[in-house]
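Residue numbers (numbering that gives the first Met the number 0), protein chains in the order written: chain H, 0 to 364; chain F, 0 to 364; chain L, 0 to 364; chain V, 0 to 364.
Hints are supplied without guarantee of correctness; some may be wrong.
You can't tell identical chains apart in this list, so a pair holds if it fits in one copy or across any two.
Lysine-lysine pairs mimicking BS3-like chemistry, simulated, CA-CA at most 25 angstroms apart [as the list claims (entries may be wrong)]:
#1 Lys325 - Lys198
#2 Lys141 - Lys363
#3 Lys363 - Lys97
#4 Lys325 - Lys58
#5 Lys198 - Lys363
#6 Lys97 - Lys325
#7 Lys170 - Lys363
#8 Lys141 - Lys97
#9 Lys58 - Lys363
#10 Lys58 - Lys97
Don't read these hints as lab results, they were simulated from the structure.
It should be emphasised that the depicted structure is a prediction, and the values quoted were computed from it without experimental measurement.
There are 4 protein chains.
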Amino acid sequence: MPNSFGKLFTITTWGESHGAAVGVVIDGCPPNLPLTVEEIQTELDRRRPGQSDIVTPRKEADRVEFLAGIFEGRTMGTPISLVVHNTDQRPGAYDDMKEKFRPSHADYTYQAKFGVRDHRGGGRSSARETIGRVAAGAIAKKILALAGNVEIRAFLTAVHDITVPAAALEKFPTLAEVEATAVRCPHPATAAAMIERIKAARSAGDSVGGVIECRVRGVPPGLGEPVFDRLEADLAKAMLSLPATKGFEIGSGFAGTRLKGSEHNDAFEPRDGRVRTVTNRSGGVQGGISNGEEIVFRTAFKPTATILQPQQTVDVHGQATELAAKGRHDPCVLPRAVPIVEAMAALVLVDHWLRQSAQNRTFKF
Amino acid sequence: MPNSFGKLFTITTWGESHGAAVGVVIDGCPPNLPLTVEEIQTELDRRRPGQSDIVTPRKEADRVEFLAGIFEGRTMGTPISLVVHNTDQRPGAYDDMKEKFRPSHADYTYQAKFGVRDHRGGGRSSARETIGRVAAGAIAKKILALAGNVEIRAFLTAVHDITVPAAALEKFPTLAEVEATAVRCPHPATAAAMIERIKAARSAGDSVGGVIECRVRGVPPGLGEPVFDRLEADLAKAMLSLPATKGFEIGSGFAGTRLKGSEHNDAFEPRDGRVRTVTNRSGGVQGGISNGEEIVFRTAFKPTATILQPQQTVDVHGQATELAAKGRHDPCVLPRAVPIVEAMAALVLVDHWLRQSAQNRTFKF
Amino acid sequence: MPNSFGKLFTITTWGESHGAAVGVVIDGCPPNLPLTVEEIQTELDRRRPGQSDIVTPRKEADRVEFLAGIFEGRTMGTPISLVVHNTDQRPGAYDDMKEKFRPSHADYTYQAKFGVRDHRGGGRSSARETIGRVAAGAIAKKILALAGNVEIRAFLTAVHDITVPAAALEKFPTLAEVEATAVRCPHPATAAAMIERIKAARSAGDSVGGVIECRVRGVPPGLGEPVFDRLEADLAKAMLSLPATKGFEIGSGFAGTRLKGSEHNDAFEPRDGRVRTVTNRSGGVQGGISNGEEIVFRTAFKPTATILQPQQTVDVHGQATELAAKGRHDPCVLPRAVPIVEAMAALVLVDHWLRQSAQNRTFKF
Amino acid sequence: MPNSFGKLFTITTWGESHGAAVGVVIDGCPPNLPLTVEEIQTELDRRRPGQSDIVTPRKEADRVEFLAGIFEGRTMGTPISLVVHNTDQRPGAYDDMKEKFRPSHADYTYQAKFGVRDHRGGGRSSARETIGRVAAGAIAKKILALAGNVEIRAFLTAVHDITVPAAALEKFPTLAEVEATAVRCPHPATAAAMIERIKAARSAGDSVGGVIECRVRGVPPGLGEPVFDRLEADLAKAMLSLPATKGFEIGSGFAGTRLKGSEHNDAFEPRDGRVRTVTNRSGGVQGGISNGEEIVFRTAFKPTATILQPQQTVDVHGQATELAAKGRHDPCVLPRAVPIVEAMAALVLVDHWLRQSAQNRTFKF
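Could you put the whole structure together from the sequences, leaning on the hints where they help?
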């Protein structure tokens with residue numbers, strides 16, 4: 000089931016960029032959760048095209064509808080089916096892509112794997128697929144908020160070579176701070192520079208990438224299922240399952256490899272009536288299990304593959320050719336990826352919460 | 000099934016560090032594969048304690064036995080059961096760990112999750128668990144070699160702040176080059192410096208981490224199952240499921256976020272009678288599916304958590320205390336982690352090969 | 000994922016009887032299969048209400064729509080999303096069910112499990128859920144027909160105490176013979192008696208059950224995955240996952256327990272250039288694996304729980320009360336269950352075909 | 000993972016009849032369960048060869064050993080690994096089976112599927128595989144007993160054409176009543192007749208089958224996961240995954256198809272302070288979910304395929320030949336199958352208990 004994610008809180012996404020609709024089925028959502036369509040729409044609006052002047056100007060309202068699983072404003076424990084109809088379809092705009100493989104896109108590999116593909120807008124490989132993830136993630140976030148006051152906050156820490164100063168990340172950013180700028184970086188001066196860099200890339204028919212950090216607070220100790228379903232392993236899979244991602248790190252990450260053990264270890268201390276760590280190089284996870292500290296991880300996104308400059312490529316007949324994208328693209332995917340990263344983190348955490356509860360709290364001996 | 004990995008070629012590992020034995024059950028291995036116990040032993044010997052003067056001097060022969068699934072030298076398509084009995088058990092050596100949580104280890108989180116743990120040598124959280132992975136990976140590697148001449152080569156590119164020069168990594172290293180030094184870095188001068196750094200850390204009662212790169216050549220286009228079971232997503236999960244890992248990147252990785260799209264995209268060209276890329280910033284995977292180029296990924300390992308210097312911690316009663324490890328530990332886990340990284344890569348690839356074959360080659364319309 | 004079925008050809012059904020729609024997502028359908036909406040509609044029409052004078056006269060057109068996974072008349076290897084909008088909703092008709100648990104229905108158990116339920120028409124427990132199964136089964140049937148000329152034929156062998164004479168079942172019935180009568184029994188005289196019995200039950204405000212036999216020819220030897228995913232085990236699960244089923248048997252079934260081994264064993268003989276059995280008490284499966292003979296199994300369906308006669312029951316407040324159903328119900332579910340049984344059989348077989356292909360044909364050593 | 004069963008309490012069995020050992024890995028057993036090797040041995044002794052004069056006289060002590068997952072007498076939440084070494088191996092005794100396919104055995108189908116097989120004693124298709132199931136089931140039974148006073152009791156209701164009188168089954172049999180006779184039928188007069196029939200079959204070089212009923216009391220309402228993982232669906236799969244089974248029925252089963260709805264429905268009444276049914280034709284399950292009544296199901300076992308009389312068959316070269324079994328076989332598998340049926344029922348129930356707990360009790364809104 001390559002289009003499903005999660006063992007107990009399982010989502011199955013479906014849909015092509017230019018098919019009739021995209022959607023998601025959520026199996027395993029606990030019953031009796033109060034839920035309105037607006038709560039889901041709010042999150043979808045954060046990933047919607049056309050929301051600011053640094054994202055694609057495509058016109059997609061991305062209005063979500065409930066088809067099943069909700070009755071009188073509450074979940075029933077039955078599958079929740081959500082759909083978003085596709086509206087902004089310009090059939091002619093993709094004729095070039097029918098014949099030519101876009102560099103660093105999925106056109107060639109889908110053709111090689113399946114022998115057939117919907118070339119329009121990338122078909123299934125389009126980031127429109129993540130609509131279902133964000134919709135399901137909105138439900139997961141609500142569960143976590145109600146269950147344990149868990150807060151998930153993603154934001155940009157780098158665009159191209161512009162990075163947030165470390166000091167600016169000392170406290171957990173508020174949602175308002177993140178949403179204050181179109182680029183979703185909570186440090187205003189850096190955000191302004193990032194926006195300039197993105198606009199400059201767009202003007203040049205080029206694109207930029209960057210890094211999104213995600214922090215989670217309120218997670219109790221005990222989530223994560225060694226040895227294979229460690230919390231960080233499932234977070235890594237969740238992030239690398241997103242389009243355009245090239246890397247993942249948790250806590251000290253790659254930089255931590257340059258510390259000695261005596262510098263890197265997180266000493267324990269009794270604090271607030273429980274076991275706490277003095278530092279958090281572990282990033283909230285030890286031995287694959289949450290330790291009750293803030294979970295902190297980062298994901299690397301490459302520069303958008305679609306650029307307006309002409310590029311060397313090959314066509315479906317194997318002949319060398321050239322391609323220059325036309326139309327309306329994101330010069331940087333990161334601002335719209337922030338709610339997607341949060342959604343995937345929420346899905347991983349709810350799933351592990353259910354698993355921990357089943358295996359370690361059901362029977363008491 | 001948190002102790003299982005893979006959908007069609009599934010391994011289930013079991014065992015605690017100081018229990019009777021550790022082992023693995025492999026379900027889904029194709030029938031008729033010629034297999035000897037020596038082929039598996041060879042890989043286990045690469046991760047064995049005591050193999051050089053920069054790893055732990057613990058005495059574990061780690062002799063593997065076949066219990067099921069092999070008949071007259073061939074697999075039968077039935078579960079393969081492999082066991083390694085634990086021999087070097089020093090019960091008294093771990094008394095301290097019964098009461099005190101080792102910093103940046105899994106002691107506290109296992110206790111918080113399960114309410115019980117085998118404290119001896121880390122119990123289930125010990126890296127001895129990876130014996131089963133390496134044994135199963137030896138089978139996966141053999142399948143890949145027979146099936147498509149696939150070669151998997153992992154090696155160290157960094158220890159602490161010592162890194163291999165980029166130019167030294169231009170060609171695919173041979174196994175002999177990797178195995179030539181105890182540290183498993185194919186660049187002799189760098190290897191020598193790494194060994195010195197590891198010995199210095201050990202002398203100081205300290206430890207160091209680093210980075211392992213893994214390359215795979217011979218993988219055909221088409222492996223990987225979007226949207227969630229992308230090849231890089233499953234590789235990321237595999238790597239982050241290993242003890243002591245903090246990060247994963249594929250192709251250009253985190254450094255690629257500092258390039259523009261026009262610099263980062265891999266142009267296509269017709270070459271060798273098929274579609275090839277001119278560069279390989281994608282790391283062999285596009286849209287979650289292999290494109291036939293070399294697969295290249297890197298994993299970050301933190302410095303070993305066990306150090307001989309005294310550290311501040313908390314005991315099982317919640318009281319502040321101090322702990323200093325005794326005994327025989329790896330000052331750097333990376334040299335012994337090389338065969339483990341290769342094993343996990345092989346397991347991911349065989350699993351995806353089977354999945355691709357089932358879904359896309361079974362029925363022809 | 001309790002709403003999913005199948006490991007490699009996986010369906011996920013969703014929807015409540017009186018919600019907006021019911022549907023199914025199919026993940027793992029091989030690419031390049033030619034497929035029209037009419038091919039699916041044809042099967043849905045066989046389970047539709049109002050198709051004859053012995054089934055419920057409810058008016059549901061049950062028109063299916065493709066939302067994803069099909070492009071230019073072919074599957075793409077991406078998830079296929081199918082939806083049927085619910086039209087015949089009479090909100091007032093179910094007010095009684097909100098307060099009172101219908102005997103031998105799922106009202107009480109859903110309430111006990113989930114603490115909430117959509118009482119209208121049984122909500123998720125309604126047989127309308129099987130629309131998704133039949134739609135997905137239509138695709139599975141087409142694959143089997145194209146792949147290996149596999150034919151699946153279900154039909155009634157008993158209604159109440161009226162049973163088909165054994166001699167009438169010697170040959171594999173044609174689709175025309177099954178569809179010739181409203182009751183879907185290929186023996187005309189028995190069919191006539193069954194129809195009379197069903198009408199008599201309806202007139203009395205009562206209901207009847209019966210037995211459906213299903214035969215499959217053209218299945219090659221080798222399908223089925225011991226030890227747990229034996230072909231008969233997965234068929235049994237598929238059948239017992241249908242509403243109103245109480246039993247399953249394959250080959251000689253319960254009657255076979257009254258034979259001695261010497262009478263029951265199927266002798267082998269060389270025939271048609273391959274290994275065949277002289278008799279088929281095994282029902283086409285030996286050791287959990289198909290042997291190339293006809294697969295023959297039977298499923299017991301209880302009498303419809305909804306009857307118009309008044310019955311003793313309990314309300315949601317735990318008080319004793321009485322209930323008499325009103326409205327439009329099937330006095331016997333079996334005629335409409337025939338395409339559902341075929342669909343589930345097809346889903347099991349395609350799934351096992353893919354699994355057999357992956358595990359035993361991918362690599363040749 | 001065809002050799003695994005259960006979603007949250009997952010067992011993986013491994014081993015061939017005449018390999019080095021058979022065993023099981025249990026993943027998902029809750030931590031802190033007190034467990035001794037004797038508790039498991041007790042159940043294994045009930046399925047052991049040589050336990051009475053109506054079963055095979057083969058000499059297998061079937062001594063179980065703990066390899067992992069137990070520490071100081073308690074489970075740890077880590078995988079439990081259990082092994083039973085094979086001792087009674089007579090290599091020469093199976094030479095005939097290397098060349099000739101035994102009728103109604105798995106020899107031919109394993110060969111057709113895998114292209115290779117361990118012919119000795121049936122290899123993987125041998126009922127020795129069920130040792131792992133019984134060992135794991137012993138743990139599941141203990142959990143159920145501690146968790147909710149759940150009792151599982153299986154017993155024979157038929158051997159060949161000898162059946163227990165209905166009146167004798169009115170009350171829940173005690174373990175002592177079942178174990179009082181070698182045939183495990185709680186009605187002494189019937190038991191005596193069954194024993195005679197089994198001995199007569201053996202004397203004639205023949206075999207007999209029969210029916211095992213299983214009852215479970217103490218199960219709370221709410222277990223079972225519609226729509227596919229209904230409790231009866233998973234029980235059916237569990238039973239049909241056992242060697243030699245040909246049928247399954249729950250509650251009224253096949254006989255219930257001869258009742259009218261007005262006769263078959265189980266009226267509800269308030270009793271003992273909760274909702275109860277007056278009758279139990281549902282067999283304790285409604286809509287796929289337990290309703291708190293006794294769970295009652297029956298499984299049909301065919302006559303043992305191995306008989307001493309000569310039979311017509313085919314050899315591995317496709318030539319017609321004849322075969323007569325030699326040696327030590329069960330003339331009737333049912334007495335030894337009783338603990339296996341109980342084990343599978345226990346495994347299904349613990350798994351569903353964990354699932355119900357996770358999905359419906361973890362979060363309270």
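To see whether the hints hold, each was checked on the structure:
In this assembly of identical chains, Lys325 and Lys198 lie within 25 angstroms of each other by CA distance solely inside one copy; the values are 17 angstroms within and 57 angstroms between copies. In this assembly of identical chains, Lys141 and Lys363 lie within 25 angstroms of each other by CA distance solely across copies; the values are 13 angstroms between and 29 angstroms within a copy. For the homomeric pair Lys363 and Lys97, the shortest alpha-carbon distance between copies (23 angstroms) is at most 25 angstroms, but the shortest distance inside one copy (60 angstroms) is not. Taking the shortest alpha-carbon separations for Lys325 and Lys58, only the intra-copy value of 16 angstroms comes in at or below 25 angstroms, while the best inter-copy value is 49 angstroms.
Taking the closest pair of Cα atoms, Lys198 and Lys363 never come within 25 angstroms of each other, the shortest separation being 59 angstroms inside a single copy and 47 angstroms across copies. For the identical chains of this complex, Lys97 and Lys325 are intra-copy neighbours only, at 14 angstroms inside a copy versus 57 angstroms across copies, given an alpha-carbon limit of 25 angstroms. With identical chains, the CA atoms of Lys170 and Lys363 are never at most 25 angstroms apart, being 39 angstroms at best within one copy and 31 angstroms at best between copies. For the homomeric pair Lys141 and Lys97, neither the shortest alpha-carbon distance inside one copy (41 angstroms) nor that between copies (28 angstroms) is at most 25 angstroms.
In this assembly of identical chains, Lys58 and Lys363 lie within 25 angstroms of each other by CA distance neither inside one copy nor across copies; the values are 54 angstroms within and 39 angstroms between. Taking the closest pair of Cα atoms, Lys58 and Lys97 come within 25 angstroms of each other only inside a single copy of the chain (23 angstroms); across copies the shortest separation is 43 angstroms, beyond that limit.
Of the numbered hints listed earlier, those contradicted by the structure are 5, 7, 8, 9.
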